[in-house]
Structures are given as structure tokens and as C-alpha cells.
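A.B. asks: The lines below spell out each chain.
Protein chains: 2
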Amino acid sequence: MNVTPIKKAVVLLSGGLDSATTLAVALSKGYQCHAMSFDYSQRHRHELISAGNIARAAGVPHRTVRIDFCAAGASALTSDIDVPKTGTENEIPVTYVPARNTIFLSHALAWAELLEAGNIFIGVNAVDYSGYPDCRPEYITAFEVMANLALKAAVEGKLRIRIHTPLISMSKKEIIEKGTVLGVNYSLTHSCYDPLPEGIACGECDSCRLRKKGFTAAGITDPAVYAPGAK
Amino acid sequence: MNVTPIKKAVVLLSGGLDSATTLAVALSKGYQCHAMSFDYSQRHRHELISAGNIARAAGVPHRTVRIDFCAAGASALTSDIDVPKTGTENEIPVTYVPARNTIFLSHALAWAELLEAGNIFIGVNAVDYSGYPDCRPEYITAFEVMANLALKAAVEGKLRIRIHTPLISMSKKEIIEKGTVLGVNYSLTHSCYDPLPEGIACGECDSCRLRKKGFTAAGITDPAVYAPGAK
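Chains A and B supply the protein sequences, listed in that same order.
Under our numbering, think of the first position of the first sequence as 1, with each following residue one higher.
Under our numbering, think of the first position of the second sequence as 1, with each following residue one higher.
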């Protein structure tokens with residue numbers, strides 16, 4: 001009798017479109033997934049409700065880690081700096097959060113070692129993205145190298161950490177098409193950086209713009225609820 | 001007129017002997033230091049009182065970051081697993097905490113970018129140490145490579161992150177001698193992994209053993225208060 005070994009994975013789940021699709025991809029490849037979200041007092045904490053709903057819909061265990069974030073003042077997502085609403089130029093925008101993915105992946109690494117999971121999935125994307133440096137393939141590769149030198153289980157040869165980035169070279173259109181095929185319920189996802197109180201998307205921030213453009217390009221109706229009058 | 005540029009640094013300060021010496025080394029080299037400690041519900045949280053006292057004595061700003069640590073159950077320092085008292089064999093001991101230095105350095109990275117500090121000091125040591133993989137030079141080098149790909153300021157050429165490990169190839173004896181020359185008040189430091197309620201050192205854990213051995217070898221009196229009857 002052939003017994004397929006369990007492939008365990010930690011999946012970073014922000015509650016957005018990309019991470020929901022990443023979770024669906026990981027599940028479709030047979031990984032036993034453990035979803036992980038972060039409460040870093042982000043302006044769009046509404047995404048954590050979405051993350052919980054997505055994990056529940058997928059039937060996977062989910063934990064939210066509270067981050068005491070010391071560089072909050074540096075980003076529009078964690079301070080009073082205005083979120084840009086007129087598109088971003090060819091530079092890294094003020095929504096950049098210092099070392100965010102490094103902190104997130106570090107916590108994922110600790111959980112992965114505890115779970116004896118050799119796989120971490122993260123929905124970073126280097127095509128239709130905001131230009132954040134910690135979403136690029138060279139960063140991810142460097143993190144993976146570091147991770148395998150950091151963990152006891154890796155050094156002892158019991159675990160090899162692999163950081164999976166299934167979306168990294170896909171356009172937003174392709175991500176939405178892929179997720180739709182895999183049955184992702186995008187009405188559960190939240191993308192907006194600057195939502196109205198009930199989580200209604202502003203429709204104008206960088207994240208909303210990329211989302212809307214992706215759905216339009218895919219010819220699929222975006223189920224997000226946008227603020228009245230959003231451009 | 002020559003103006004020496006300010007060299008800013010984030011210094012990881014656990015409150016132990018090594019990190020207190022590291023802070024003294026960084027200050028002696030002219031760095032403007034910002035000390036950082038972590039409350040990860042460690043068994044030896046008493047060390048945080050020491051960290052505060054050391055930072056105050058050195059006159060440097062200090063912040064303690066609360067870590068919601070998801071792999072707590074895996075380590076004797078963060079769970080009910082007994083701290084070994086009979087010395088450790090040639091293996092990584094149960095006091096190992098998954099991804100601890102990676103999480104700590106990630107937070108330091110965020111603070112460094114906010115402060116525009118290109119330097120991070122960490123008191124890791126690969127001679128008289130517990131065998132933790134994230135104290136080795138190859139790990140530190142890999143973290144530094146990753147860090148310079150992660151940060152906006154690094155990618156834009158405004159900051160280059162350097163991880164300084166001034167103690168990495170020193171014996172405990174040499175560390176104590178160095179700190180003594182620099183005027184470190186070791187009575188403020190706390191090393192024990194398993195202290196009695198008032199922070200009195202057990203005298204028998206791995207960390208107490210390394211400390212006592214170092215002071216003896218240096219011919220300097222250890223100002224730590226040990227539990228009566230400690231071997």
C-alpha cells in the first residue's frame with residue numbers, strides 16, 4: 001500500500017485576493033494548510049474578518065498573531081499618513097511597511113518548525129503590485145536561504161523550509177482567473193487599504209485600483225462593495 | 001570644519017551578560033545606540049528588568065516589544081518543559097526557541113529603517129554558547145543579505161544594513177574581560193534561564209554554568225546572586 005506523506009504548510013493569509021488564491025493553490029496541490037494572519041493595528045484591520053471567513057470556508061486551522069509594530073509611524077497603513085488615492089508613480093509608495101514580510105515570515109517560520117511543516121506559502125506578486133521590495137523573488141530566495149540556517153530542525157536535517165510564491169509572476173487578471181477555476185469565493189476577500197467603517201472598499205487606493213483592473217481584465221464581476229462615488 | 005556623521009545603531013538587549021557587553025562595545029565605537037528588548041513570555045522575564053536598568057545606566061533609549069509567540073510550546077524557555085540542570089550534551093538543547101533571533105532581528109530591522117540606522121548589534125556567540133543555530137556566523141551573514149533586499153531604504157541606496165556581532169568568536173572569559181575594561185556593571189545583568197521568583201539565579205542551568213565558568217576563567221568575581229545550595 002502506498003501512503004502519500006502529509007505535506008504540511010503554513011499559509012500567510014491577509015484576507016485579500018492574493019492570499020485567498022494562494023491558499024486555494026496550496027490546497028489544490030494537496031498541502032495540509034495552516035493559515036496565519038497578523039494584527040499589526042493596520043488601518044484595514046477589516047481584512048482580518050475576511051481572513052477568518054476565508055479560512056473557515058476552506059476548513060483550515062487559522063491563527064492571528066498580534067504584532068507590536070515599532071515602525072508604525074513610517075507607513076500610511078499604520079499611521080495617520082494619507083493613503084494615496086490617485087495612483088502611484090514609479091516609486092515605492094507610502095503604504096510600504098518596514099520589514100513587514102520579514103516579520104510575518106519569521107513568525108511563520110517559528111510556527112512551521114513547531115508544526116513540522118516544511119512549506120510556507122505567501123501570496124507575493126511582482127507583476128501587478130505596489131513595488132514593495134519584500135515582494136520580489138530575490139528577497140524570497142534570500143529569506144529561504146536564511147531560514148534553513150536558522151532552524152534547529154533544518155540544521156539537523158529533519159526539515160527543509162521552502163517558501164512558495166505561486167503568484168509571483170502572474171498578473172492580477174491571471175490570479176483572479178486561477179482562483180475562479182479553483183472555486184475561491186472572492187466575495188469573502190478584502191483588498192482595500194483605507195476602508196469605510198463597515199469594511200466598504202474606498203475604490204481608489206492602490207490596492208482597490210489593482211483589484212478592479214484585474215477583475216475587468218478577466219471579464220469577471222468584482223463582488224467587492226465599493227463606496228458610492230468611487231472613481 | 002569636519003563633522004563626524006552620526007552612526008546610528010539598534011542594539012538587541014536581552015539583559016544578559018553578552019548583550020550588556022555588546023551595548024558597551026557599540027557605544028565605545030561611537031555608535032548612537034537604541035536598545036531593544038523582547039517580552040515573549042519567557043520564563044526568565046526577570047531579564048527585562050535587567051535590560052531596562054542596563055539601558056538606563058548607559059543613557060540610551062530603550063523599547064521593549066511584546067511578541068505573541070506562536071511556537072511557545074516548543075521550548076523550555078516558554079513552556080512547562082524543564083530547563084536542563086546537568087549540562088547539555090553535544091546537541092541543540094530544549095532551551096532552543098524556534099526562529100527566535102530571526103523574529104528579534106526582523107523587528108530590529110523595522111526599527112532600524114524607521115530610525116535610519118544602518119547598524120544592528122546582536123550579542124550572539126559561537127564559542128561558549130548553547131549550540132543554537134541562529135547564533136552562528138553563516139546564519140547572521142544570510143540574515144544580512146536578506147535584510148538588504150527587504151528594506152525600501154536599502155533598495156533605494158539610502159541605507160545599508162550591517163549586522164554586527166562583536167562577540168561571535170570570543171570565549172565567555174574574553175567577553176567578561178572586554179566588558180570589565182569597558183566599565184560594564186555586570187551586577188545589573190541577568191543570565192539565568194530558570195530564576196527563583198525574585199530573579200535569583202538557579203546556578204545550574206546552561207546559561208548560569210557558562211556565566212560562572214567565564215567569571216572563574218577571567219579571575220573576576222561574579223556579582224550574580226545564586227540560589228543557596230547551587231552546584
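Bear in mind the hints are in silico, worked out from the structure with no lab data behind them.
Careful: at least some of the hints might be erroneous.
If you anchor each label on the Cβ, the simulated ranges turn out as follows [as the list claims (entries may be wrong)]:
1) B:G199 x A:T141: 38 to 46 Å
2) A:A57 x B:R160: 40 to 48 Å
3) A:K7 x B:E198: 27 to 35 Å
4) B:D80 x A:S169: 40 to 48 Å
5) B:E138 x A:K158: 30 to 38 Å
6) A:Q32 x B:G73: 49 to 57 Å
Using N, Cα and C, we set each Cβ at its ideal position, and we do this for glycine too.
A.B. asks: Please go over all the hints and tell whether each is borne out by the structure.
C.D. replies: We went through each hint and held it up to the structure:
1. Range check, G199 of chain B to T141 of chain A: about 43 Å between beta-carbon atoms, so the 38 to 46 Å window is met.
2. Between A57 of chain A and R160 of chain B the Cβ separation comes to about 44 Å, which falls inside the hinted range of 40 to 48 Å.
3. Look at K7 of chain A against E198 of chain B: about 48 Å separates their beta carbons, and that is not inside 27 to 35 Å.
4. Separated by about 46 Å at the C-beta atoms, D80 of chain B and S169 of chain A satisfy the suggested range of 40 to 48 Å.
5. At roughly 19 Å, the beta-carbon separation of E138 of chain B and K158 of chain A lies outside the given 30 to 38 Å, and the hint is violated.
6. The hinted window of 49 to 57 Å between Q32 of chain A and G73 of chain B is violated, with their beta carbons roughly 19 Å apart.
Hint compliance for this structure: hints 3, 5 and 6 are broken, all remaining hints hold.
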